[in-house]
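*Asks:* One letter stands for each residue in the lines below.
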Amino acid sequence: MNCKGLIYEISAYLDGELTQETLTEIEIHLKRCQDCRLIVDTTRKTIDIYYSSQPLPLPDDVRERLHEALVKRLGRRPNS
Amino acid sequence: MIHATTTCANLLHGAWCATITPPAKRMSSPEPKHLPSTIVREDEGALVSLAKSGDLGAFDELVNRYERRIFRLTMNITQNREDAEDATQDAFLKSFQHLGDFQGGSRFYTWLVRIAVNEALMRLRRRRPNVTSLDEPVQTEEDLMPREIQDWGPTPEQRYQSTELNSILNDAIAELEPIFRTVFVLRDVEQLSTEETADALGISVPAVKSRLLRGRLRLREKLNRFFEQRKPA
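Each protein sequence line maps, in turn, to chains R and L. FYI, in the working numbering the residues of the first sequence are 392 to 471. FYI, in the working numbering the residues of the second sequence are 631 to 863.
Next comes chain R alone, as it looks inside the complex:
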């Protein structure tokens, strides 16, 4: 496994989708390649940071327009 090979496998590595054989090759490479360790670490952080960004509350005006449109288009109120 060289650096280029690692880059191609980085997504599968982070998603835990690799075979044991490829996983072992990557771990051996990572032990001796600081650049690849940094790339793996920062790619993982990229995913984690986006994942942790919770959906913001729907702005009130958007929420009201959405619900008003649903009421209008669906023609009646729930449970009525």
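Everything labelled a hint here was simulated from the structure, so no lab data went into it. Heads up, none of these hints are tricks.
Covered stretches of chain L, as calculated for chain R (at least 3 residues, CB under 8 Å): (1) 693-702; (2) 722-733; (3) 774-786; (4) 810-822; (5) 839-852.
C-beta: ideal position from N, C-alpha, C; glycine also.
Dock chain L against chain R, hints included.
*Replies:* Chain L only, in chain R's frame:
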């Protein structure tokens, strides 16, 4: 665009407003990675069954449950608030109108996401017809290889206030080509599986994996300029 003249409390006997939206939480206790625990799935299934029989109250609960995530999704894809609002509205309306077609073989949320993605992509193509091809762009190895390799430190996001961080994340994702952005958002933000993402976009599993790899690496590169640990001068 419909402009609201009624306050939220007046709508539907308050039913639309039953869920109080909590303040946004960032970088602390993220929501569970996978929404469909057995309980949620069963609960969702019961709501869908009721909605299918015409119970708008049950559908209302589904809207309350997913409106923020669907709006975030459509915003991420369209990068335009007006289009995102319209896509969100139409996604919920169409999902209600076509509930009879939903067979329950997948999660309702996944099915809703598929509709919302189609609505969002349609508006994106309309607005930017020349730059919204979902065909695989020509890629070279050079495109893939990282150029910036710096340490970010343990928690780079904590160097920014939440509004500033939001702005950084939004700007970076907006710069991604739509085909990478859409796959990244579905997989890494909305937490759909590779198969669900392929299904939602009508592309193959290998295509999802290839686009996800490129999307992740490109975003990493874009965030690097904000998160690299600068050595003291």
